[in-house]
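Peer 1: Single-letter residue listing:
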Amino acid sequence: MTDALVLLIVLPIVAAILPVFLGILSDRAGWYVALAMSLAHLGLSTVVANAVVTSGRLSYAVGGFQPPFGIELVADGISAPLLVLISLSTLGVVVYARRAGPHSNAFYSELALLTAGISGVVATADVFNLYVFLEITGLATYALVASGRSPRAAVASLKYLFVGTIGASLYLLGTGYLYIATGTLNMASLSEALAGVGYTPAVLTGFGLMATGLLVKVAVFPLHTWQPGAYAESPDTVSAYISALVSTAAAYGLFRVTYTVFTRDFLETVPIAADAFVLLGSVSIVAGSVLAVMQSDLKRMLAYSSVSQFGLVVTAIGIGNETALIGAVVHLIGHAVMKGGLFLALGVFAASVGARTMDEFKGLAAREPVTSAAFAVLAFSMVGIPPAIGFIGKWNIVVGAVEAGSWSVALVVVVSTLLTLAYFGRVIERMYFTHPDEADVADASVSADGGQPASDVSLGMRTVVVVAAVTAVLLGIAGSDLISIIQPALEVYFV
Amino acid sequence: MIDLLTTHYNYIASILLVGIGLYVVMGSPNLVRKVIGMNIFQVGIFLFFVTTGYVDGGVPPIVGHSEGPIVSPLPHVLILTAIVVGVSLTAVALALIVRIYNGYGSLDEDVIKEVQVDD
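First to last, the sequence lines map onto chains A and B. Just so you know, we're using the numbering used here here: the first sequence kicks off at 4 and counts up by one. Just so you know, we're using the numbering used here here: the second sequence kicks off at 34 and counts up by one.
It is possible that part of the hints are untrue.
Residues from chain B that face chain A, not an exhaustive set, calculated with beta carbons under 7 angstroms [what the hints assert, rightly or not]:
1. V58
2. M59
3. M71
4. Q75
5. T85
6. L113
7. V118
8. S121
9. R132
10. Y137
Ranges between beta-carbon positions, derived for each pair [said to hold, decoys possible]:
11. A/L282 / B/R66: 32 to 38 angstroms
12. B/V88 / A/T272: 30 to 36 angstroms
13. B/V120 / A/V417: 44 to 50 angstroms
14. A/T466 / B/R66: 53 to 59 angstroms
15. A/V65 / B/I103: 20 to 26 angstroms
16. A/S107 / B/L49: 31 to 37 angstroms
Worth flagging that the hints you see were computed from the coordinates, not collected in a lab. All figures in this text were calculated on a predicted structure; none of them were measured in a lab. C-beta atoms are modelled at their ideal positions from N, C-alpha and C, and glycine is treated no differently.
For reference, chain A alone in the conformation it holds in the complex (with noise of 0.2 angstroms):
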């Protein structure tokens, strides 16, 4: 049972070598070799979810060297899920790829690597492994970013190489001095030894360098300056995957590394740390959203909803209450559930009517009915109207703000809603309210006359577009249940 662990990331591992040998065969051979590595996948985190909600936390040691020594793989209520949201969001985007493109048989190796990295990311106990599947999915993100092949994908991929590299390079002198201080890198022994050294200068000095890294990862404000970039230039169907699961497999390390390794006690005793995080969480919610309302390019605006989002995120790291935290996970998914939904929406309406910027998306409801509906689902969510996932997270985390008698930042969550409102109503004001200009109705029939035709979208395209609204929906509905899931893990950081 404890093998489908490991097999999680082993298996896109190898499945990302062989779209390079079966190229010889066919072009479409990658397509298929990453269908099958994500349904097996799926297969895989489902028996992992079923272990963890039946019988608890599962372990298991690689190579038969037991923890703390060896590399300890861990699968928990926290995991268990993003592992299935890994699964399902691999899957929606290789069906959606199918038509969408990159059409190369690199891309989809490029894809299982990202996948393999994500995986590891959110799996393992150890903290010098981590940073070595977040340089795995730092290398595949910035080779899909560049998938785009234009000069101006590459500019945004080499930004991000830049910063991402000295992000995780800052993590990596972090453990560093943790594992100079402690002498292990296992995350449970870590917890345990750092209680016995205490909180020396080389301890906080390690605590810094790891959290700084993964913000830069998470793309928190102000280190959010690569990621509108990366989101923007790269491909739809890139953007859609790497919005969902690129800054949520970092933003999940930050929770293991603040709560799993430096444990609660940490945060009482430092808590300059936590107020850094609450700081650094509310100034992001803000300047993104507003940068956002300013945003013309669609995508760019969806790249800034989600530095606000992911200042959401940390802000509930920062308060650290079992609510706050629970709206910290809860939020997690639903966000890489809407945001992937919103940017493959994008993608069909590009295809379809060639919409990027605002003013293209006058009428576009008329036009393309059902993908509009979809977006405007997933918008809404994304304001936090109930009952779509968006509440549960954002609800959680205010609760939480208010038990920890933080009113400031329960404020500035309420207006965060307002302002993502405001930038979504835009978008949504456009689509059925206002007519399209004259000149863009011509132009839209010159081109069907032109023997071009009008749409270039799959119905696969649609369904996943469709899925990933009504997943967002019944997550919503659902919430108690995956709060049921969270929890248990949750509590062992409260005890």
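Fit chain B to the known structure of chain A by using the hints.
Peer 2: Showing chain B alone in chain A's frame:
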């Protein structure tokens, strides 16, 4: 102060390398130099790790050759992995730079920005 220099010169060297590397990544407009700066930055961190494994008067941790205190091999193993990661990153970065050069005909960040604005 002199004491610190003579006993902890290895740490000071690695901090200097990290600083120099960061400065080059941020200060140089040339993309290839940025990659070199990133490498110097990482090497600084690698040296920091390796140097922490050293034990005064320690011998290399080789089976059959180790009498007395041995130096800790674990940081070396970790850094071996990190070096592989660093090499892969350099390879990806250089591949991206080739594509940028083909697209813009320049490796200068400022020139590339101007071309992008003109587009």
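Peer 1: Mind checking the hinted window 32 to 38 angstroms against the Cβ distance between A/L282 and B/R66?
Peer 2: 35 angstroms, holds
Peer 1: Hold the hint about B/R132 up to the distance rule: shortest CB distance to chain A must be less than 7 angstroms.
Peer 2: 4 angstroms, holds
Peer 1: Holds or violated: 53 to 59 angstroms for the Cβ distance of A/T466 and B/R66?
Peer 2: Given a distance of about 48 angstroms, which is not inside 53 to 59 angstroms, the answer is violated.
Peer 1: Report holds or violated for the interface hint on B/M59, using the least CB-CB distance to chain A and a cut-off of 7 angstroms.
Peer 2: 9 angstroms, violated
Peer 1: Hint validation: B/Y137 versus chain A, beta carbon distance must be below 7 angstroms. Holds or violated?
Peer 2: With a minimum Cβ separation of about 6 angstroms from chain A (threshold 7 angstroms), the hint on B/Y137 holds.
Peer 1: Falls inside 31 to 37 angstroms, the C-beta gap from A/S107 to B/L49?
Peer 2: Violated, at about 43 angstroms.
Peer 1: Interface hint check: B/V118, Cβ to nearest Cβ on chain A, cutoff 7 angstroms. Holds or violated?
Peer 2: 5 angstroms, holds
Peer 1: The hint names B/Q75 as touching chain A; please verify it with the least Cβ-Cβ distance against 7 angstroms.
Peer 2: Because about 6 angstroms separates B/Q75 from the closest Cβ in chain A, which is inside the 7 angstroms limit, the hint holds.
Peer 1: Taking 44 to 50 angstroms as the hint, is the beta-carbon distance of B/V120 and A/V417 inside that range?
Peer 2: 48 angstroms, holds
Peer 1: Do B/V88 and A/T272 keep their Cβ atoms within the hinted range of 30 to 36 angstroms?
Peer 2: Check passed, 31 angstroms falls within 30 to 36 angstroms.
Peer 1: Double-check B/T85 for me: the hint is only fine if its C-beta lies closer than 7 angstroms to a C-beta in chain A.
Peer 2: Interface hint status for B/T85: holds (5 angstroms vs cutoff 7 angstroms).
Peer 1: Quick one, is the B/V58 hint okay against chain A at 7 angstroms, beta carbons?
Peer 2: 6 angstroms, holds
The structure fails to meet hints 2, 6, 14 and 16 from the earlier list, while all remaining hints are met.
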